[in-house]
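Novice: Given next are the chains, with one letter for each unit.
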Amino acid sequence: MAELTYRDAVAAGIAQEMARDESVVFLGEDIGAAGGVFKTTLGLLERFGPRRVRDTPISEQAIIGAAMGAAMTGLRPIAEIMFSDFFAVCWDMIANEIAKTRYMTAGQIALPLVIRTANGYGSRFGAQHSQSVENWAMAIPGLKVVAPSTPLDVKGLLAAAVRDPDPVIFFEHKGLYSTKGEVPDGEIVDRLGTAKVVRQGEDVTIVALAAMVPKSLQAAERLAAEDGISATVVDVRSLVPLDTKTIFEEVRKTGRLYTVEENPRLCGWGAEIASLVAEECFYDLDGPIVRITTPHVPLPAADLLEDNAVPTVDRIVETVRRNAG
Amino acid sequence: MDRATRLALYRSLVEIRVLEKRAYDLFLQNLVKGTSHLSLGQEAVAAGFAVAMRKDDYTFCTYRGHAHTLARGAPMVGVLGELMGRKCGLMGGKGGSMHLTSVEHGAMGSYAIVGAHLPVAAGAAWSAQVRGTDQVSVCFFGDGTTNIGAFHEALNLAAVWKLPVIFVCENNQYMEYTPIREVTAVANPAADRACAYGLEKILIDGNDADVVHRTARECIGKARDGGGPSLVEALTYRTSGHSRADPGKYRPVGELDDWLKKDPVVLYRVRLVGMGIEENALRDIERAVERAVDEATEAAKACPPSGVEVIEKDVWADGGSSWRN
Chain A
1 MAELTYRDAV AAGIAQEMAR DESVVFLGED IGAAGGVFKT TLGLLERFGP
51 RRVRDTPISE QAIIGAAMGA AMTGLRPIAE IMFSDFFAVC WDMIANEIAK
101 TRYMTAGQIA LPLVIRTANG YGSRFGAQHS QSVENWAMAI PGLKVVAPST
151 PLDVKGLLAA AVRDPDPVIF FEHKGLYSTK GEVPDGEIVD RLGTAKVVRQ
201 GEDVTIVALA AMVPKSLQAA ERLAAEDGIS ATVVDVRSLV PLDTKTIFEE
251 VRKTGRLYTV EENPRLCGWG AEIASLVAEE CFYDLDGPIV RITTPHVPLP
301 AADLLEDNAV PTVDRIVETV RRNAG
Chain E
1 MDRATRLALY RSLVEIRVLE KRAYDLFLQN LVKGTSHLSL GQEAVAAGFA
51 VAMRKDDYTF CTYRGHAHTL ARGAPMVGVL GELMGRKCGL MGGKGGSMHL
101 TSVEHGAMGS YAIVGAHLPV AAGAAWSAQV RGTDQVSVCF FGDGTTNIGA
151 FHEALNLAAV WKLPVIFVCE NNQYMEYTPI REVTAVANPA ADRACAYGLE
201 KILIDGNDAD VVHRTARECI GKARDGGGPS LVEALTYRTS GHSRADPGKY
251 RPVGELDDWL KKDPVVLYRV RLVGMGIEEN ALRDIERAVE RAVDEATEAA
301 KACPPSGVEV IEKDVWADGG SSWRN
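The listed protein sequences derive, respectively, from chains A and E.
According to our numbering, the stretch in the first sequence is residues 1 to 325, in order.
According to our numbering, the stretch in the second sequence is residues 1 to 325, in order.
It is possible that some hints are incorrect.
Beta-carbon label-pair distances, calculated as ranges [said to hold, decoys possible]:
1. E:A317 - A:R124: 37 to 43 Å
2. E:D225 - A:I58: 26 to 32 Å
3. A:A139 - E:E255: 42 to 48 Å
4. E:G198 - A:R265: 45 to 51 Å
5. A:G186 - E:A302: 55 to 61 Å
6. E:A302 - A:P298: 55 to 61 Å
7. E:G226 - A:A34: 56 to 62 Å
8. A:R47 - E:G227: 27 to 33 Å
9. E:A317 - A:P184: 27 to 33 Å
Hint data in this document are derived by calculation from the structure and do not stem from the laboratory.
Even for Gly, the Cβ is constructed at its ideal location relative to N, Cα and C.
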């Protein structure tokens, strides 16, 4: 057992898969010689060589297009898009080409590829380098969407994503890169489409993703200490496929659902979960479903503004306290 | 060039010509729905390259892709069936005219977003390079594509990585309805940009099947030998409109007539006769092709339409479209 940072778990996951399978290749901007702008890919170029680890120009369309062309001809590429905000410059490749090709060709073309990206708030970079865009990806049929919250999940879900026969969008949270966690030695392979109950409670169920998971856990501790409210926290981990089974089970036990989302309000992933729960667990609910999200604004840069735009521990506590009584 | 190659070229030209005319007739009978983009007048580009390619090489083309797909050997009934939404279509009706694909023939897709497939073709070439095969990737596109970002991203990446890919611009003079020269800073939209990527300027008569074939052989040979990419601009003209909705009224009087004098099928026939190839041999090819297109038409008409049971199939590798458990 070793303690790894979330950042180190990325390189560890990629290395595990590249060592296992010769067809896994890796490309992106500054990922090789520089080891990644977030230092998530240190050592991979040295270990696997420039044939399989390729630094690219600042050409997001070429990066994603090349990954697609490689995936359809026998390789299993991992492509990095430095910031998830840059999906907007290669969205055609992701949403029109990669997501639709298997379907349009009636299964003739397989695209086993992973697009990794740094998502989310916390670096004071302003509105074009801080977004949470997992809901963009979730809205496109043909993309699997994963967003881990711990180093262990990073390694295991990344391995599962590389081995998956379909395109997977892998959202790393840049606010979590320096967080640490225990990661057992040896090969780790998780399963896509599985949520995790990270805290078991009795009164309310909080469903969260990525950086909102540790915040929800902190909020749950405060609710227990200050209000005697016992909260379950579910880490969604995988938006597509979505583990509705686990989410429904935990909602049915408490009768109350709160979603904690970093994405802006409209069409966030929590809205889909709220709608599913309303349709399928309506008679198990003891009160309205409540969504806690970033307001429908671009993210501001200044630390005080950024930290208070996304859901805070205080906001989660107050919202649950106000509604759970 | 030997007699067999010349006859193969002629056959390919005639197949494209007759099949495209048939596709047009089938629109008029309302048996083909949606849109369709014909290669009438541009046959020599598809034929010249396809005859020079090896079976395991890759073709990437645009929404004007019937010609390229057919030229690689895809069955006529699959092409016509796809246009007509029948079960026997190459993709069972899921793709339609703009997305013809036949992976078993190396036709790796027709791409309907201008420019998108250039990076994908580069990726397939990268894959061949990484896997150590000597396959090449050939990517066809129109003159309008030279003004979109993906063109430049792909050319640069291919040049930097010395990829075995040939980019073939079919300059048919009109991007859609607007003459390409009115919206482009250089006279030859592809060839004049080759120098920006350290590539040789290659500007050829795209209506001369021999010239195209010779160029194709040179570029493919260079790519196979590790010599890197080429960018070819083939001057040609589409003698029909942009799509079936377009009567082509924006053309100056006389322009079409001038180009019809350079009809690639007629020109090639005259040349073959002049070289002493017997009329009978050519007529045999023409009759065989007419018969094959007739038979394919009848087979496609007799084939049932794709059933609604395929709507939710083939989003994922497991054959389904499930996004939850």
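Novice: Okay, which hints does this one fail, numbers in order?
Specialist: Those not satisfied come down to hint 7.
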